[in-house]
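A.B. asks: Residue numbers (my numbering), protein chains in the order written: chain A, 1 to 119; chain B, 1 to 137.
A hint or two may mislead.
Which bits of chain B does chain A cover? Going by a derived footprint, with three or more residues having C-beta under 8 angstroms, they are [what the hints assert, rightly or not]:
(1) 68-79
(2) 101-110
(3) 114-121
Taking CB as the label site, the calculated pair distances span [stated by the list, open to error]:
(4) A:Q8 x B:E115: 49 to 55 angstroms
(5) A:L71 x B:R131: 24 to 30 angstroms
(6) A:G37 x B:R131: 45 to 51 angstroms
Because the hints were derived from the structure by calculation, they are not lab data.
Idealized CB from N, CA, C, for every residue including glycine.
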Amino acid sequence: MSVPILKQGPFLIATIQAALSDAELQAMQDELSERVGRHRTRGVVIDVGAMDVLDSYATRSLRVIADVLHLRGAKTVIVGVQPDVAFAMVRMGLNLQGLSTSLDLEGGLTLLSNGHRSS
Amino acid sequence: MTTTTTLSVRLESDILAARQHGREVAEQVGFSGSDLALIATAISEIARNIVVHAGGGAIMISELDGRTGIEIVARDDGPGILDIDLAMQDGYSTVASLGLGLPGARRLMDEFTIESQEGHGTTVAMRKWIRTQSARR
Chain A
1 MSVPILKQGP
11 FLIATIQAAL
21 SDAELQAMQD
31 ELSERVGRHR
41 TRGVVIDVGA
51 MDVLDSYATR
61 SLRVIADVLH
71 LRGAKTVIVG
81 VQPDVAFAMV
91 RMGLNLQGLS
101 TSLDLEGGLT
111 LLSNGHRSS
Chain B
1 MTTTTTLSVR
11 LESDILAARQ
21 HGREVAEQVG
31 FSGSDLALIA
41 TAISEIARNI
51 VVHAGGGAIM
61 ISELDGRTGI
71 EIVARDDGPG
81 ILDIDLAMQD
91 GYSTVASLGL
101 GLPGARRLMD
111 EFTIESQEGH
121 GTTVAMRKWI
131 RTQSARR
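Just chain A, same shape as in the assembly (with noise of 0.2 angstroms):
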């Protein structure tokens, strides 16, 4: 398992560690979609903060997950895009509208404890 995924009170936290495979990060969904259920988990913060690059894949994927989690009952936050990347995201025409996003894992603890609505 190559995304450590932790248990932070009433959260599950996914760090990813720099640039991940394709096998990765649907393994990353899976055991995600799993511990939620386990845990009775409501929300989820996924940490990109390691990631170089958010291309149109990697972007595909977070939304993936984040509904495949909101199936199971759990709200998704993404943090720590990093400003040359959400910058090349938007050059691109990238973007992770209707997912919730913070700026780092406090600030993401902080929107799923506050049980705020994604857009």
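Starting from the known structure of chain A, arrange chain B on it as the hints suggest.
C.D. replies: Below, chain B alone, put in the same frame as chain A:
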């Protein structure tokens, strides 16, 4: 003298290797910050295009004369693209993807050309110039 590195692209892990190498070359040329992310992302998109649609190919990365920029050429011998105009439209995809790969890469780079012939593969060539006064063409 221009040095060109040719990287074989067949597996998904090659996408990672190609964009990492591209970032290194771009850094050597003198790109920084957000430009590095733009270049790495564009390489990621065209490399994935090869893996998904052609099954294999090569990416050539060169620094342009006098360190004025970077050139990336992606070449495959896949089935080719029937309708390039359609393939360059946002949201058009023949697989389950966002359909932003090629048009997105074009927006990230300064120059972008694509040539394809049915049954004879596809070649994408893209360039980005350094945006400093001394290096501006």
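A.B. asks: Go through the numbered hints given earlier and state which of them the structure violates, listing their numbers in rising order.
C.D. replies: The structure conflicts with hints 1, 3, 5, although it agrees with all the remaining ones.
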